[in-house]
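Sequence order for the protein chains is A and B. So for the first sequence, this note's numbering puts the first residue at 1; every next one is plus one. So for the second sequence, this note's numbering puts the first residue at 1; every next one is plus one.
Among these hints, one or two may not hold up.
Repeated chains share a single entry, so a pair holds when one copy, or any two copies, can fit it.
Said to hold, decoys possible - In silico lysine-lysine, DSBU-like type, Cα no more than 30 angstroms apart, as pairs:
#1 52 with 127
#2 50 with 95
#3 6 with 127
#4 127 with 177
#5 95 with 177
#6 122 with 50
Since the hints were derived computationally from the structure, they do not count as laboratory data.
There are 2 protein chains.
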Amino acid sequence: MAAPDKPVLYSYFRSSCSWRVRIAFALKGIEYEQEAVNLIKDGGQQQSEKYKALNPMQQVPALCIDGITISQSLAIIQYLEDTRPGPHLLPQDPKMRAQVRMICDHIASGIQPLQNLYVLQKIGAEKVEWAQHFIVRGFQALELILLQTAGRYCVGDEISMADICLVPQVYNAERFKVDLTPFPTIKRLNETLIVMEAFQASHPSRQPDTPADLQV
Amino acid sequence: MAAPDKPVLYSYFRSSCSWRVRIAFALKGIEYEQEAVNLIKDGGQQQSEKYKALNPMQQVPALCIDGITISQSLAIIQYLEDTRPGPHLLPQDPKMRAQVRMICDHIASGIQPLQNLYVLQKIGAEKVEWAQHFIVRGFQALELILLQTAGRYCVGDEISMADICLVPQVYNAERFKVDLTPFPTIKRLNETLIVMEAFQASHPSRQPDTPADLQV
Numbered sequence: 001m002a003a004p005d006k007p008v009l010y011s012y013f014r015s016s017c018s019w020r021v022r023i024a025f026a027l028k029g030i031e032y033e034q035e036a037v038n039l040i041k042d043g044g045q046q047q048s049e050k051y052k053a054l055n056p057m058q059q060v061p062a063l064c065i066d067g068i069t070i071s072q073s074l075a076i077i078q079y080l081e082d083t084r085p086g087p088h089l090l091p092q093d094p095k096m097r098a099q100v101r102m103i104c105d106h107i108a109s110g111i112q113p114l115q116n117l118y119v120l121q122k123i124g125a126e127k128v129e130w131a132q133h134f135i136v137r138g139f140q141a142l143e144l145i146l147l148q149t150a151g152r153y154c155v156g157d158e159i160s161m162a163d164i165c166l167v168p169q170v171y172n173a174e175r176f177k178v179d180l181t182p183f184p185t186i187k188r189l190n191e192t193l194i195v196m197e198a199f200q201a202s203h204p205s206r207q208p209d210t211p212a213d214l215q216v
Numbered sequence: 001m002a003a004p005d006k007p008v009l010y011s012y013f014r015s016s017c018s019w020r021v022r023i024a025f026a027l028k029g030i031e032y033e034q035e036a037v038n039l040i041k042d043g044g045q046q047q048s049e050k051y052k053a054l055n056p057m058q059q060v061p062a063l064c065i066d067g068i069t070i071s072q073s074l075a076i077i078q079y080l081e082d083t084r085p086g087p088h089l090l091p092q093d094p095k096m097r098a099q100v101r102m103i104c105d106h107i108a109s110g111i112q113p114l115q116n117l118y119v120l121q122k123i124g125a126e127k128v129e130w131a132q133h134f135i136v137r138g139f140q141a142l143e144l145i146l147l148q149t150a151g152r153y154c155v156g157d158e159i160s161m162a163d164i165c166l167v168p169q170v171y172n173a174e175r176f177k178v179d180l181t182p183f184p185t186i187k188r189l190n191e192t193l194i195v196m197e198a199f200q201a202s203h204p205s206r207q208p209d210t211p212a213d214l215q216v
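Chain A on its own, in the form it takes in the complex (with noise of 0.2 angstroms):
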């Protein structure tokens, strides 16, 4: 059991949502437990009765913190945003701030829900060629939009929730086979950011429900 004061996050190692804000919890150094949510075995353990009086949706993650449970990774970085110290994961800038926004939602609710397990589940046989092109599409609109932003990082030169949703995206692209050749920008500030270490220790090979063979 965890302890009452550490924060509890329910995630599946392989959830880029869940990595999302695993992500967080690293550049801000907050401990926390992890209980996982295993999507695929006994047909999803986020299908039971218990998962789903913690988050409705039946999705990961959800975290558990300060008495209350969260569900949606954006609104959970959010809250560790506004309540604990730590690196900002927002500008203080509110034009800047806009921008990182502005890129979180793009990634978070213009490209990922579409290719997230369920949806593909429900597309089936085709599901590959349709993940290929949501994250396509996604991404031509997206390294355009990083052109005007990025610095040495998505928005400026300071790490932000903006690179916290784009290295999971880009982990997603490259399991669906995804070419990155025509976004140099997307690729450049991927290589940048999944060498440090907040990336690293959250990296979803590296977690306590990683099986063995896909550990590195």
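Using the hints, position chain B against chain A.
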């Protein structure tokens, strides 16, 4: 031409994401200009090179404000919240703020993207069943969430971004003939909100680009 100091909203009368932004403008009492982007006419005016330069994702809304262009409706509304006076659209209490954001993202990432025009065009013949499926699935979870968070409005007794997201999603549900009987809390909140001036003035049936036969 708009006065240089007035924000210009690129929108489409029936787009639920455009409506979200119009509600925020109305609640805050901010004057703005609208530029219509007809998503159907000429194969979709969002496909034009001119519009693509404003929003590479070729979706509405996009807002030109303070010398920058912001796409993604929640990023736009959050920028208005950060920079404009008027009633707060997010609660001051961090836990209630997290609940508002969770509901917003539930709708903006979990429901709307799966039933928007682009996706339904790709689905083809099965599009009505597809849209209904994802709206019902999202509403089943949302009803349970709202049972825990709602007071007079979606979260407690003050209007917030969650209400701004709810009403346009219910409008979409009605367009797709989703039966709202199983969702009494969603129905009750929508009925409370829809009669308010900010929701009426911004309603799809009352915009400069609303076709004459759809005006009420």
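Tested hints:
1. Taking CA atoms no more than 30 angstroms apart as the test, residue 52 paired with residue 127 passes in both settings, with 26 angstroms inside one copy and 28 angstroms between copies.
2. With identical chains, the CA atoms of residue 50 and residue 95 are at most 30 angstroms apart between copies only, with a shortest distance of 23 angstroms across copies and 42 angstroms within one.
3. For a Cα distance limit of 30 angstroms, the shortest separation of residue 6 from residue 127 qualifies neither inside one copy, at 38 angstroms, nor across copies, at 44 angstroms.
4. For the homomeric pair residue 127 and residue 177, the shortest alpha-carbon distances inside one copy (13 angstroms) and between copies (28 angstroms) are both at most 30 angstroms.
5. Within a single copy, residue 95 and residue 177 get their C-alpha atoms no closer than 34 angstroms, and across copies no closer than 39 angstroms, so neither meets the 30 angstroms cut-off.
6. Taking identical chains as interchangeable, the C-alpha atoms of residue 122 and residue 50 lie at most 30 angstroms apart only when both belong to the same chain, with a minimum of 24 angstroms there against 36 angstroms between chains.
In this structure, the earlier hints numbered 3, 5 are contradicted, and the remaining ones agree with it.
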